[in-house]
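> Sequence:
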Amino acid sequence: MKLITCEFNIDSGCVELRFDDGTELGIDCTVVESEYAHTVQQKTELDWLVYNAPVEYAQLVLNKRIRDYLNIVIK
Numbered sequence: 010m011k012l013i014t015c016e017f018n019i020d021s022g023c024v025e026l027r028f029d030d031g032t033e034l035g036i037d038c039t040v041v042e043s044e045y046a047h048t049v050q051q052k053t054e055l056d057w058l059v060y061n062a063p064v065e066y067a068q069l070v071l072n073k074r075i076r077d078y079l080n081i082v083i084k
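Position one of the sequence shown corresponds to residue 10 (this note's numbering), numbered consecutively onward.
Each hint should be verified, as a subset may be incorrect.
[Said to hold, decoys possible] The calculated lysine-lysine pairs, modelled on BS3-like cross-linking and capped at a C-alpha distance of 30 angstroms, are:
no.	residue 1	residue 2
1	K52	K84
2	K73	K84
3	K73	K11
4	K73	K52
These are calculated hints, taken from the structure and not from any lab test.
Please build the complete structure, drawing on both the sequences and the hints.
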């Protein structure tokens with residue numbers, strides 16, 4: 010599958026992905042934040058990713074690397 014679009018939908022609070030085979034996927038950012046972001050710095054980092062790098066955010070979530078990422082960037 011090839012990713013066609015990936016963007017943050019502020020109305021739903023989700024990062025929405027669309028693939029060339031018609032598959033659509035939504036990542037609920039509120040759920041991700043409540044699971045992984047326990048400090049203001051972690052929440053800020055996730056917010057930055059959602060608005061500025063939604064593809065990278067989606068990759069981290071889907072590959073279950075979000076915790077590792079936060080542990081590396083927030084020391």
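> Against each hint, give a clear statement of whether it holds in the structure.
Status of each hint after checking the structure:
With a CA separation close to 14 angstroms, the supplied pair K52 and K84 stays within the 30 angstroms bound. Our distance criterion of 30 angstroms between C-alpha atoms is met by K73 and K84, whose separation comes to about 20 angstroms. A threshold of 30 angstroms between alpha carbons decides the hint, and for K73 with K11 the separation of about 20 angstroms falls inside it, so the pair holds. Proximity of K73 to K52 is assessed by CA-CA distance (about 17 angstroms); at most 30 angstroms being required, the pair is judged to hold.
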